[in-house]
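Chains as they are written, first to last, in the UniProt record's numbering: chain A, 1 to 97; chain B, 1 to 327; chain C, 1 to 182; chain D, 1 to 391.
It is worth saying that the hints were derived from the structure and are not from the lab. Virtual Cβ for every residue (Gly too), placed ideally from N, Cα, C. A portion of the hints provided could be inaccurate.
Okay, the calculated bits of chain D under chain C, using three or more residues with CB under 8 Å as the criterion [unchecked claim]:
(1) 172 to 180
(2) 355 to 363
Dumping the calculated DMTMM-like pairs for lysine to aspartate or glutamate here, alpha-carbon to alpha-carbon at most 20 Å [stated by the list, open to error]:
(3) Lys29(A) <-> Glu23(B)
(4) Lys63(C) <-> Asp225(D)
(5) Lys108(B) <-> Asp203(D)
(6) Lys222(D) <-> Glu12(A)
(7) Lys257(D) <-> Glu66(C)
(8) Lys104(B) <-> Asp225(D)
(9) Lys28(C) <-> Glu66(C)
(10) Lys3(D) <-> Glu165(C)
(11) Lys221(D) <-> Glu43(A)
(12) Lys11(A) <-> Asp203(D)
(13) Lys274(B) <-> Asp302(B)
Quick look at which bits of chain C chain D covers, simulated, 3 or more residues with Cβ under 8 Å [stated by the list, open to error]:
(14) 18 to 24
(15) 52 to 62
(16) 89 to 96
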Amino acid sequence: MAKETGICSWKELALGAAIVTPGNASELKTGDWRSMRPVVDYEKCIKCGRCYILCPDMVYTPRDDGYYELNYYYCKGCGICANECPKDAIEMVEEGR
Amino acid sequence: MSTAAEALKDFKGFSMKNIPEFEPISPGHRACQGCVEMLGLRLALKALGKNVIVASATGCMEIVTSPYPQTAWRVPWIHVAFENAAAVISGVEAAYKALARKGKIENKNVVFVGYGGDGGTADIGLQALSGALERGHNIVYLCLDNEAYMNTGIQRSSSTPYGAMTTTSPPGKKSIGQATWKKNLPAIAAAHGIPYVATASPAYPIDLMNKVKKAALVPGPAYVHIFAVCPTGWRHDSNIAIEVAKMAVATNVFPLYEVIDGKWILSRKNPKPKPVKEYLKLQRRFRHLTDEEIAKIQARVDQEWRALLERCGVTEETGEKEKGESE
Amino acid sequence: MVEIRLHGRGGQGAVTSAELTALAAISKGLYAQAFPSFGPERRGAPVMAFVRVSEEPILTREKVYEPDIVVVLDPSLMEIVDVQAGLKDGGWLIVNTKSSPREVKEKYGVKAHVATVDAMKIAMEVLRVPITNTTMLGALVKASGVVPLESFEEPIKERFGPLGEKNFAACKKAFEETELEE
Amino acid sequence: MGKRVGMEVSIAAAETIALIDVDVVAAYPITPQTHIVEHLSELVANGHLDAEFIPVESEHSAMSTCVGAAAAGARTFTSTSSQGYALMVEICYIASSMRLPIVMAVANRSLSAPISIWNDHSDMMLARDTGWIQTVAENGQDVVDLLIHAYRVAEDHRVLLPVMVNLDGFILTHMIEPIYLPSREEVQAYLPPYKPLLRLDPDNPVTMGPVGVPEVYTEAKKAQDEALKNAKPVILEAWDEFEKHFGRRYRPVEVYKADDAETLLLTVGSISETAMQAVDIMRDKGRKVGLARLRLYRPFPVEELVSVVKKAKNLIVVDRALGFNGHVGPLCMEVKSTLFDHGIRPYVMNYVAGLGGRDVTVEDFVSMVDSTEQKARAKEPMTYEIINVRE
């Protein structure tokens with residue numbers, strides 16, 4: 001956790017406490033925030049991409065086959081994707097079940 | 001042909017088939033569940049790609065993307081203070097202009113983006129924004145409007161709608177909540193006579209991305225006002241955030257339009273607007289409102305919609321069928 | 001060190017006269033300062049400007065309290081401003097007026113030497129505008145010799161561009177026409 | 001080759017900025033700094049300076065715009081005074097924290113109320129904790145020289161901090177005097193081009209100004225504090241180099257007839273030259289009076305001050321602003337703390353002089369010395385006094 005909490009010597013800081021590792025927030029597992037998880041039924045999916053384009057957490061990424069991959073590492077479980085899926089192909093299920 | 005129209009004459013918009021894959025903001029950011037402000041920012045920056053420099057006002061989008069030592073930013077980003085994102089990005093733009101002219105750097109047609117929330121734009125940052133727009137810097141300014149100071153705990157701003165409950169506009173025996181009408185910031189931006197102004201909603205992502213792209217293409221300042229639903233502050237479940245945003249458009253509470261070279265253009269005609277009540281009832285920030293108050297809000301929304309139609313030169317009768325997106 | 005105080009009205013060019021005097025001195029390798037009475041600039045209001053000229057570097061940053069020379073660009077100021085304040089007894093009071101030095105000396109009880117010139121008449125003749133700032137420089141040189149007359153030529157021409165020639169002519173004419181107290 | 005010219009100091013400041021070839025100027029007009037801004041806009045308009053001149057809508061935006069420009073890698077300048085400085089203070093703290101080598105000329109002036117457009121050091125004192133390097137000019141030549149020096153120090157990779165060059169409002173800004181203006185080549189020979197260490201560049205994305213969580217804020221401030229301390233040798237080195245290039249010598253504390261002085265005056269800014277005259281007058285009468293002038297205000301020149309003051313019996317610190325703490329002026333407080341740390345205990349009198357454009361004369365300095373020596377002999381308590389105040 002040392003890295004995550006930013007504990008380091010003042011001598012190691014970049015100029016003006018800038019961060020010079022672009023996008024390293026991607027190390028953070030915001031999936032821990034989730035109590036409900038979206039589960040995609042690829043049988044129902046029509047590859048419309050609304051889950052991808054409407055996700056505030058960049059959880060979905062396009063795949064070569066046109067479907068969208070879901071990354072639980074980041075998913076906070078907001079449920080927008082399930083609510084907006086025109087085919088009800090995404091279901092929110094309780095974590096731990 | 002005037003400047004913006006000239007720059008946009010061959011404009012090719014996005015569709016779901018050609019969304020750029022690059023995410024300028026990485027996942028792992030700390031925005032709330034269902035944060036539509038983050039979604040709006042994500043979509044706006046996706047439309048612009050890697051060749052941008054971003055200046056952020058203090059606010060939710062600053063604090064959730066940059067707590068040391070992690071940054072969600074994959075593009076160059078600077079935060080200085082609350083009220084000055086427009087001034088900071090003015091300086092960045094001017095520096096690039098001077099350095100490129102003097103041959104000190106290559107001219108790479110970087111897009112310069114400043115953004116702030118409604119507080120950082122409509123209240124404390126209005127002067128810096130007005131200055132930047134008036135001076136004609138080639139910048140894109142995004143206002144991510146979640147209608148209150150959400151970062152500090154949901155205090156009212158001048159962009160908070162009438163009747164809304166916030167922590168500094170609490171309803172009570174002598175208060176209906178926010179006692180003033182929402183400041184019309186896009187109209188204020190348009191009054192500067194800048195080449196491009198638009199309103200956009202993440203509920204219409206392609207429309208939003210296209211507008212931001214247009215904002216970047218026009219020479220000079222451009223302003224895009226983005227409706228940023230905030231489940232935390234608006235008191236509704238996060239999963240309906242996009243539904244709320246769509247309802248804001250469907251009820252004419254947040255109409256979508258562009259102002260190109262001073263010409264007002266409605267993005268979505270809405271011949272059968274839904275009652276404002278449908279929008280209000282989704283959010284607990286309005287739940288204390290009486291039917292009488294709701295009627296008052298309805299009247300105001302109708303009046304503003306008519307004024308907008310007039311500006312756009314459209315009559316209600318000729319309003320065409322609602323235009324769908326390719327989504 | 002010679003210390004000069006100029007009196008004029010805002011917009012009449014007293015500050016310019018001060019500046020030109022300092023520039024003339026500096027161009028001759030001397031040390032000089034010129035500065036206005038600091039404050040908001042208001043057209044018509046009585047204003048002062050100050051000059052110091054010295055062969056040594058000037059250290060003082062005070063206002064000029066005891067001038068060796070006082071130059072009055074506008075005769076109407078004689079009635080409303082104490083132009084003699086602090087003026088050294090052996091110094092010079094140089095006034096734009098139709099009156100003779102003797103008349104001025106008697107009317108205002110001047111202890112210092114007096115020089116007069118009808119700068120307004122010269123300005124109208126040569127420049128065709130009632131602005132006496134460059135004209136009065138000629139009188140300043142005649143009475144005090146603080147800088148040589150020709151040292152004004154370049155600063156005046158630089159300041160006034162195409163009108164420089166005429167302004168320097170007015171300056172020279174005033175030099176010739178200035179009456180000194182006998 | 002450079003040239004000796006008669007020139008208003010504000011104009012000379014602007015001409016110097018053109019010689020330095022800055023890239024971006026963002027400024028707002030405020031009396032008495034206005035002439036600097038006007039002349040810079042003129043120099044840009046007529047092509048003598050190839051820069052973006054941004055006539056911002058406020059000082060707050062002036063500094064914000066400079067921060068943006070400097071972060072993008074531009075050599076940046078602004079100028080302000082008084083209330084304008086007060087408005088930009090928020091961003092001044094940020095500019096130094098973000099380590100941006102902005103240079104600013106401040107035409108020192110009082111703060112409202114009552115509103116006064118005239119000279120004192122209230123704004124300089126307001127700036128004291130902002131983390132900027134601060135130098136002080138005593139005359140027009142100093143302004144030119146210190147501006148050139150400022151860029152050399154600010155942009156040095158061992159420093160990378162903003163520099164504020166103080167010049168007394170009106171007394172210097174509106175003064176015409178002889179000034180040696182160097183040539184562009186001479187300036188270039190002394191001042192290398194600015195090479196930013198970090199800049200906003202899409203090819204190399206960096207996040208500037210992130211949230212300083214408690215785990216890092218203290219370290220960030222420590223790093224900044226060390227940077228300011230480490231700036232001192234670079235400031236001195238740059239002055240040494242300046243002397244080699246231009247023949248004029250600057251030191252953090254400059255002295256005048258101070259060696260054997262029993263009573264030492266300590267002044268800041270343009271009144272120092274008037275004080276020198278007072279010293280001459282008193283020396284002529286055989287009095288052992290000397291003068292120390294503070295040239296470098298930030299970082300505070302502790303060692304230099306100690307070595308100058310240690311032999312004096314009486315020290316007179318002349319403040320040009322009030323501290324509103326009820327016991328001492330802001331400069332004197334710092335001087336006293338420095339002397340305490342080094343076990344030096346002269347009799348210290350603190351005079352607050354020249355507030356809001358009140359002239360400080362030769363006689364004023366003489367009477368400060370008279371009064372201090374008298375109080376010291378009578379062992380009166382050390383205190384502060386506003387001089388020339390009407391009862």
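These are the hints, each one checked on the structure:
no.: 1; hint: 172 to 180; result: holds (count 5)
no.: 2; hint: 355 to 363; result: holds (count 5)
no.: 3; hint: Lys29(A) <-> Glu23(B); result: 17 Å, holds
no.: 4; hint: Lys63(C) <-> Asp225(D); result: 41 Å, violated
no.: 5; hint: Lys108(B) <-> Asp203(D); result: 10 Å, holds
no.: 6; hint: Lys222(D) <-> Glu12(A); result: 11 Å, holds
no.: 7; hint: Lys257(D) <-> Glu66(C); result: 27 Å, violated
no.: 8; hint: Lys104(B) <-> Asp225(D); result: 31 Å, violated
no.: 9; hint: Lys28(C) <-> Glu66(C); result: 25 Å, violated
no.: 10; hint: Lys3(D) <-> Glu165(C); result: 25 Å, violated
no.: 11; hint: Lys221(D) <-> Glu43(A); result: 56 Å, violated
no.: 12; hint: Lys11(A) <-> Asp203(D); result: 26 Å, violated
no.: 13; hint: Lys274(B) <-> Asp302(B); result: 11 Å, holds
no.: 14; hint: 18 to 24; result: holds (count 4)
no.: 15; hint: 52 to 62; result: holds (count 5)
no.: 16; hint: 89 to 96; result: violated (count 0)
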